[in-house]
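Note that the protein sequences, when read in sequence, are chains Z and U.
Position 155 (the first sequence) corresponds to 155 in our numbering; numbering is contiguous.
Position 198 (the second sequence) corresponds to 436 in our numbering; numbering is contiguous.
Treat the hints with care, since some could be wrong.
When the alpha-carbon atoms are kept at most 20 Å apart in a straight line, the in silico SDA-like pairs for lysine to any residue are as follows [unchecked claim]: (1) 369/U - 20/Z; (2) 369/U - 27/Z; (3) 273/U - 89/Z.
Distance windows between CB atoms, simulated [stated by the list, open to error]: (4) 273/U - 14/Z: 34 to 42 Å; (5) 212/Z - 325/U: 36 to 44 Å; (6) 84/Z - 243/U: 17 to 25 Å.
Please keep in mind that the hints were generated in silico from the structure rather than gathered at the bench.
The structure displayed is predicted, hence computed values, not measured ones.
All C-beta atoms, glycine included, are put in the ideal place defined by N, C-alpha and C.
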Amino acid sequence: MNGVFDLGGTDGLGKVENDHMSEPVFRADWEKRAFSMFAQSARAGLFNVDQFRHGIEKMDPAEYLISNYYEHWVHTVEHYAEAAGVLDPAELEARTRHYLENPDAPLPERETDTEIVEFVDWAVTNGFPAHRESDKVAQFSVGDEVVISSESPYGHTRRARYIRGRRGVISAAHGTYLYPDTAGNGLGDCPEHLYAVRFTAAELWGPETADPNGANYFDVWEPYLSHAAATTPQGARS
Amino acid sequence: MTESRPEPIRTDTRLNTQEEITARVKALEALLIEKGVMTTAAVDRLAEIYENEVGPQLGARVVARAWTDPEFKQRLLADASAACRELGIGGLQGEEMVVVENTDTVHHVIVCTLCSCYPWPVLGLPPNWYKAPPFRARIVREPRTVLDEDFDFPVPETVEIRVWDSSSELRYWVLPQRPAGSEHLSEAELAELVTRDSMIGVGAPRPVGSGAAA
Numbered sequence: 001m002n003g004v005f006d007l008g009g010t011d012g013l014g015k016v017e018n019d020h021m022s023e024p025v026f027r028a029d030w031e032k033r034a035f036s037m038f039a040q041s042a043r044a045g046l047f048n049v050d051q052f053r054h055g056i057e058k059m060d061p062a063e064y065l066i067s068n069y070y071e072h073w074v075h076t077v078e079h080y081a082e083a084a085g086v087l088d089p090a091e092l093e094a095r096t097r098h099y100l101e102n103p104d105a106p107l108p109e110r111e112t113d114t115e116i117v118e119f120v121d122w123a124v125t126n127g128f129p130a131h132r133e134s135d136k137v138a139q140f141s142v143g144d145e146v147v148i149s150s151e152s153p154y155g156h157t158r159r160a161r162y163i164r165g166r167r168g169v170i171s172a173a174h175g176t177y178l179y180p181d182t183a184g185n186g187l188g189d190c191p192e193h194l195y196a197v198r199f200t201a202a203e204l205w206g207p208e209t210a211d212p213n214g215a216n217y218f219d220v221w222e223p224y225l226s227h228a229a230a231t232t233p234q235g236a237r238s
Numbered sequence: 239m240t241e242s243r244p245e246p247i248r249t250d251t252r253l254n255t256q257e258e259i260t261a262r263v264k265a266l267e268a269l270l271i272e273k274g275v276m277t278t279a280a281v282d283r284l285a286e287i288y289e290n291e292v293g294p295q296l297g298a299r300v301v302a303r304a305w306t307d308p309e310f311k312q313r314l315l316a317d318a319s320a321a322c323r324e325l326g327i328g329g330l331q332g333e334e335m336v337v338v339e340n341t342d343t344v345h346h347v348i349v350c351t352l353c354s355c356y357p358w359p360v361l362g363l364p365p366n367w368y369k370a371p372p373f374r375a376r377i378v379r380e381p382r383t384v385l386d387e388d389f390d391f392p393v394p395e396t397v398e399i400r401v402w403d404s405s406s407e408l409r410y411w412v413l414p415q416r417p418a419g420s421e422h423l424s425e426a427e428l429a430e431l432v433t434r435d436s437m438i439g440v441g442a443p444r445p446v447g448s449g450a451a452a
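Looking at chain Z on its own, in the form it has when it is part of the complex (with noise of 0.2 Å):
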């Protein structure tokens, strides 16, 4: 989807808030209870990476400029729990109440329950590979001009819009990889081949505006990709 999130070359945002290395990981301790939700819905089923990440592009575009970063992490949690039926908004609001008047309530006990610690120190240390094996031959080899389709998806997508339409080269070909523009809509993995794209900067922004001395990579999934030899001016669009 087209939405304020995709960031990349947006203009009148103002200078970066540097912490100059000071910041603690986690600033307030509902950031690290916020923090540890991905994790923990994800084992729970509730949705996959990029269904969280299209969850949050989903959100209020004013609110996502001007809100705290875990605050979309909340809200994100609370979508796909909420489809998933567990939690209901009425028993959320009541609940926030009840702490809100009563601070220093405590949460419920359930610490008999080791199963989500175990699951957490795997997790961490093996992670979800994306990686997917395919028999898919690849159409593009390293090397290759390449052009990125204009196509602007309504659901989740990587396509970001500074790319799109763009000219670049194959810089690496990482092999397949599973499928955010499917995954991301619960369409399924649906593995492709996944290619590095080195695009200069005066492609993406104008010889007279760039960098003279820059350039910008970006991985892109085989869909995004035709061949620019074999593309007509037109075509670029399509």
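We have chain Z already, so just place chain U on it with the hints.
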């Protein structure tokens, strides 16, 4: 593509104060505990891991090894995940990593413009500026300006800047250049010079004799 138009997710309850956010997250946690999705022990364990166990000190060990062991460096640049595994480093949000090497003529910097992807096993969790809109918006468009003005890190115009947007599940990070005059330092001393920012590409390692390596 045939997806339906995206329906906004419910964000009607603006969480304006820390008290409201704290109560909301506590309520959500309580309900997820009751449903068997979460435990406070797992919250505490995850916090412990990313506050004390997994952080940029691990990436620094990898960099110091690469600076002192040319064969390890070759393996790191060829297959970063496998090389990091030799040091017991890897896992969640860094299942497959790619290391890009700074040289006299090329400087690399990483970003995730679409969300906030970051190589957790070597750098820990990202700082807020990395996740916030200004960096994600600007570093792909005016990297030299951002590095100079926002990070006090000027990169000469003769050096090409390559910006890596982490759009897939591959996690890119930067092998900075070894500081001048560090020939006499041990691997452990070198690791003390390696900063988080130098592995993102928004800073240099600490200079030799800066005190951090003492």
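Q.
For each hint given before, does the structure comply? Return the numbers of the non-compliant ones in rising order.
A. Of the numbered hints given earlier, the structure breaks none, since each of them holds.
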